[in-house]
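Undergrad: One letter stands for each residue in the lines below.
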Amino acid sequence: MTTADLVIEAEGLVKHFGETKALQGVDLVVPRGTVLGVLGPNGAGKTTTVRILSTLLQPDAGHARINGLDVVRDAERVRQAIGLTGQYASVDEDLTGRQNLVLFGTLLDLGRRGARSRADELLTWFDLAGAADRPAKTYSGGMRRRLDLAASLVGRPDIIFLDEPTTGLDPSKREDMWEVVRSLVDDGSTVLLTTQYLDEADALADEITVIDHGRVIAHDTPEGLKRVVGGQTLEIRPSDPSRLAETATILSQVSSGAKADEIRKGMLAVPVSGDDAMTETVARLSAAGIGVLELSLHLPSLDEVFFTLTGRTASDDDQAATDSTKEVAA
Amino acid sequence: MSTATLEAPRTTSGPAPAQQRTRKPFPLVRHSAALTKRSLIKTWRTPEALIDVTLQPVIFLAIFTYIFGGAVSGDTHSYLQFLLPGVLGQTIALGAIAIGVNLNTDMEKGIFDRFKSLPIPRIAPLMGAVLGDVVRYVIVAVVTLAAGYAMGFRIGGSVLATVAGCLLAVLFALCLSWVSVWVGMLVRTSGAVQGVMFLLIMPLTFGSNVFVQTQTLPSWMQGFVNVNPLTHLVDSMRGLFLGTPVGNHVWWTLAWCVGLVAVFMPLALRAYRRKV
Chain A
1 MTTADLVIEA EGLVKHFGET KALQGVDLVV PRGTVLGVLG PNGAGKTTTV RILSTLLQPD
61 AGHARINGLD VVRDAERVRQ AIGLTGQYAS VDEDLTGRQN LVLFGTLLDL GRRGARSRAD
121 ELLTWFDLAG AADRPAKTYS GGMRRRLDLA ASLVGRPDII FLDEPTTGLD PSKREDMWEV
181 VRSLVDDGST VLLTTQYLDE ADALADEITV IDHGRVIAHD TPEGLKRVVG GQTLEIRPSD
241 PSRLAETATI LSQVSSGAKA DEIRKGMLAV PVSGDDAMTE TVARLSAAGI GVLELSLHLP
301 SLDEVFFTLT GRTASDDDQA ATDSTKEVAA
Chain B
331 MSTATLEAPR TTSGPAPAQQ RTRKPFPLVR HSAALTKRSL IKTWRTPEAL IDVTLQPVIF
391 LAIFTYIFGG AVSGDTHSYL QFLLPGVLGQ TIALGAIAIG VNLNTDMEKG IFDRFKSLPI
451 PRIAPLMGAV LGDVVRYVIV AVVTLAAGYA MGFRIGGSVL ATVAGCLLAV LFALCLSWVS
511 VWVGMLVRTS GAVQGVMFLL IMPLTFGSNV FVQTQTLPSW MQGFVNVNPL THLVDSMRGL
571 FLGTPVGNHV WWTLAWCVGL VAVFMPLALR AYRRKV
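If you read the protein sequences in the order shown, they are chains A and B.
According to my numbering, the first sequence is numbered sequentially starting from 1.
According to my numbering, the second sequence is numbered sequentially starting from 331.
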């Protein structure tokens, strides 16, 4: 791959806020037309990284280029190529959805008519047409996020920064947001998205950079990262607690020998690999006549990822990591 | 890895290729105008924020006329003739506090992140906010004159001269706004902006000829009063409203306007750039 294919390049970004060392040398690259997921807990430096790349902040050391343009020296030209959706909705709450989008269109020199038609297009696409003429402060959280994302797409940017686009959204709204991100990439945009969720990075990103305490601690494809942190976990709660041991045996057969842990009372968990783990489990349980109350397949949480990568938990709320390592005789 | 390029076919819902937008001329003027419109919409949506420019001049006018009129001028009517341009000057100066407070609050929200990520002149959002306040200052002038008229104030000069006096006051307020914007960018909380600005504006309004003739003040104070921009503004308005000579007060006022913008607009911009 040539340098020209790298839309976003950052080398050794350092940023301190007084005593706080927000970034201590972050490197990352994003090839054209791909999605980079920047994964990390609160305070890891995700937002600071995005703010530097989107020209809102200047790094103390290191440099970054967008489309080959330096984010400090060529800030003005970088701004023409990027769209930014911050962690907090960056629209004017006193203006209606439409007025917001028309304002940004005007500021991007789309012209009066161009700004209006682009606003209409985006309002329809983001399902906000019905609320277009209401002040943004009356919008629900999900609507505000959509308006915010729409606002960052007004100028049809090639490069889109999404800072925790789904934090605080309920699961169905989250899926909607994912769809939007996918369609942006289908249309050729390059996306850098930050997230606290491995499943989100897994669902959207071509590559994942994990950062912690202002440093990159891992960079890999989702598959590679999952290989390191140990794939998916199958959780199951048999309807008859007395058949827990029997269930555990079946589970360990499915997971080729891995031991099933009782992570909560009556709930078993086992690491699995392969796409057919769930169907096979269901088939075997049904053959054994064991009823099931709960059954789920999930990726490791951020806590578990961090535990694997760093040997310690990412946050104070380390319950998940502790639970999953608890051994219970089944 | 996807090799999609800009030329890749696109669906109708998504973005089309980023066109090389032709940069139109005068970006500062056009972008400031768009952002001025934003300020006007916000003012329209929150009329309660206009209380300092609507009720305040009426209350000041009534209090000072009826309480101090007899003591200062012997009768309330002749004091009102003297006082009205002063109250207009005072309220319009106090009206400039709001912009710093509002911008300080706005900076906390994400909207300024958006502005900063757009390819527009850095100062455009500040300029838009300042220019949008024209409507507030025009309201001060109209309300003050209307309330004064109801209380018995009569202009002695031409209507045109009176309008010119009001426009001078509006212009002065716009220039004074940059002080408020600067403080709004420097100080941490909006309450502090209010406090600092109040401390700056109060000595300006009382250490002037707003309420009393300069000659009645102690001589050490006259020195301050005579350079105070508000003195020149109020004397200009008195001359224009009452049809009396204005001397060179208009020129002094304009000189102050230029000076305020020349010093505080760059300071405000610098503070805005530094604000994280």
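For the record, the hints were derived by calculation from the structure and aren't laboratory data.
Among the hints, a few may not be true.
Claimed, not checked - When the alpha-carbon atoms are kept at most 20 Å apart in a straight line, the in silico SDA-like pairs for lysine to any residue are as follows:
1) K605/B - K137/A
2) K137/A - M437/B
3) K367/B - F356/B
Undergrad: Run every hint past the structure and note whether it holds.
TA: Outcome of the hint check:
1. Our distance criterion of 20 Å between C-alpha atoms is broken by K605/B and K137/A, whose separation comes to about 25 Å.
2. Annotation: proposed proximity of K137/A to M437/B holds, straight-line Cα distance about 17 Å (limit 20 Å).
3. Using a Cα cut-off of 20 Å, the hinted pair K367/B and F356/B holds, with the two alpha carbons roughly 17 Å apart.
Against the hints set out earlier in the document, a violation occurs for number 1 only.
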